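Between the sequences and the hints, there should be enough to build the whole structure, so can you do that?
If you read the protein sequences in the order shown, they are chains W and U.
Here my numbering is used: the first residue of the first sequence is 1, the next is one more, and so on.
Here my numbering is used: the first residue of the second sequence is 159, the next is one more, and so on.
Do not rely on the hints blindly, as some may be mistaken.
Below, a sample of chain W positions facing chain U; criterion: calculated Cβ distance under 8 angstroms [to be verified]:
hint: 1; residue: PRO37
hint: 2; residue: LEU39
hint: 3; residue: ASP40
hint: 4; residue: LYS50
hint: 5; residue: LEU53
hint: 6; residue: SER54
hint: 7; residue: PHE57
hint: 8; residue: TRP125
hint: 9; residue: THR132
hint: 10; residue: PHE133
hint: 11; residue: ARG136
hint: 12; residue: PHE137
Some chain W residues flagged as far from chain U (calculated, every beta-carbon gap over 12 angstroms) [as the list claims (entries may be wrong)]:
hint: 13; residue: ALA78
hint: 14; residue: SER83
hint: 15; residue: MET94
hint: 16; residue: LEU101
hint: 17; residue: ALA151
hint: 18; residue: GLY152
Hints listed in this document are in silico derivations from the structure and should not be mistaken for laboratory results.
Note that the structure is predicted; figures quoted are calculated from it, not measured.
Using N, Cα and C, we set each Cβ at its ideal position, and we do this for glycine too.
Below, each chain spelled out in residue letters.
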Amino acid sequence: MKKPMNSGKFNLFPTTTIALLIAALILLSAPPAFAQPDLDVNTPSISVIKKSLSQRFAALKPHLDTGAVGLTTDGLIATHDMSLALGTTLTVAMRAAVEKLVADENQDRASLYREIARANGHPDWESDLKTTFGERFINRAQSGWYYRDSAGKWNRKP
Amino acid sequence: MAELRQKKLDRKRLMPKCPSVVAFMAAVIGVVGVATTSGCSTISFFPAAPAQKAADKVIDDIWPAPEVVKAPASTVASSDAVSGTKPAGAPAK
Chain W
1 MKKPMNSGKF NLFPTTTIAL LIAALILLSA PPAFAQPDLD VNTPSISVIK
51 KSLSQRFAAL KPHLDTGAVG LTTDGLIATH DMSLALGTTL TVAMRAAVEK
101 LVADENQDRA SLYREIARAN GHPDWESDLK TTFGERFINR AQSGWYYRDS
151 AGKWNRKP
Chain U
159 MAELRQKKLD RKRLMPKCPS VVAFMAAVIG VVGVATTSGC STISFFPAAP
209 AQKAADKVID DIWPAPEVVK APASTVASSD AVSGTKPAGA PAK
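Printed below as a string of structure tokens:
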């Protein structure tokens, strides 16, 4: 007596279903595994930006020390109180020089965040990177430096 | 012959149900797989902790640590030079 064909019907479904469910689970859990972020990435353009930031710091530090320039929560810097710049009366030329320093620094910082986000294949992370770097810059700022909080209020690091 | 016909009938009875379920699940998995691997998926998380570490490393690079004031050098060598005596381990000429 031959076994009827449809007796396998009840075995086929659970096996196939379980196999497919396992495959689905593997697929759904896979993305984070193959998209490991490397935010410490160092592409040639990132190295150039970091070198530029490092070289500018010597010129920027006196203005951070006096409070003429301060840090912001979005990872950039801004002019705070120009009258504090080096304790002197600022000429138009001196003011322009400080403003150029701030603009150049901000351009480099914005490029840095953009490049790190791009290098990780997530241009959408740029905003989060700005906030994270801004928080770390303020956290690591030296005593006496000014920073502008998210409410727009200037504070001095104790 | 009758056996073959029976087989065909059995297959017909089984197949209309079976492929519909399997094909549906395969299609779902295929769509999810293609979407995630091609980057169309909206699965995106910002790794906050690695970002903070990366930020600290960048800050270390661009903000040099303040110079530590070095302790004054020992005056043993100069006093020896004045007195004309040699340190114990000094090579002989």
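Outcome of the hint check:
Interface hint status for W:PRO37: upheld, as the beta-carbon distance to the closest one in chain U is roughly 5 angstroms, under 8 angstroms. Taking 8 angstroms as the C-beta contact cut-off toward chain U, the hint placing W:LEU39 at the interface holds, the least distance being around 4 angstroms. Residue-level restraint check for W:ASP40 holds (minimum Cβ-Cβ distance to chain U is 5 angstroms; threshold 8 angstroms). With 8 angstroms as the threshold, the beta carbon of W:LYS50 comes within range of chain U, its nearest partner Cβ sitting at about 5 angstroms, so the hint holds.
Using the Cβ-Cβ criterion of 8 angstroms, the hint placing W:LEU53 at the interface with chain U is satisfied: the shortest such distance is roughly 4 angstroms. Given hint, W:SER54 at the interface with chain U, holds; its Cβ is 4 angstroms from that chain's nearest Cβ, closer than 8 angstroms. Restraint check, W:PHE57 versus chain U: the minimum CB separation of about 6 angstroms is within 8 angstroms; hint holds. This hint holds: W:TRP125 has a C-beta 6 angstroms from the nearest C-beta of chain U, less than the 8 angstroms allowed.
With a least beta-carbon distance of about 4 angstroms to chain U, the hint placing W:THR132 at the interface is held under the 8 angstroms criterion. For W:PHE133, the suggested interface contact is upheld, since its CB lies about 5 angstroms from the closest CB of chain U, less than 8 angstroms. Hint on W:ARG136 holds. Least Cβ distance to chain U is approximately 4 angstroms, under the 8 angstroms limit. About 6 angstroms separates the beta-carbon of W:PHE137 from the nearest beta-carbon of chain U, less than 8 angstroms, and the hint is met.
Separation of W:ALA78 from chain U is adequate, the least Cβ-Cβ distance of about 17 angstroms exceeding the 12 angstroms criterion. For W:SER83, the shortest C-beta to C-beta distance to chain U comes to about 25 angstroms, beyond the 12 angstroms cut-off, and the non-interface label holds. At the 12 angstroms boundary, the C-beta of W:MET94 stays outside the reach of chain U, the nearest C-beta of that chain being 24 angstroms off. At the 12 angstroms boundary, the C-beta of W:LEU101 stays outside the reach of chain U, the nearest C-beta of that chain being 14 angstroms off.
Non-interface status of W:ALA151 relative to chain U is upheld: no Cβ of that chain comes within 12 angstroms, the nearest being about 22 angstroms off. Distance check on W:GLY152: its Cβ is at least 22 angstroms (rounded) from any Cβ of chain U, clearing the 12 angstroms threshold; non-interface status holds.
Consistency note: the structure conflicts with none of the earlier hints.
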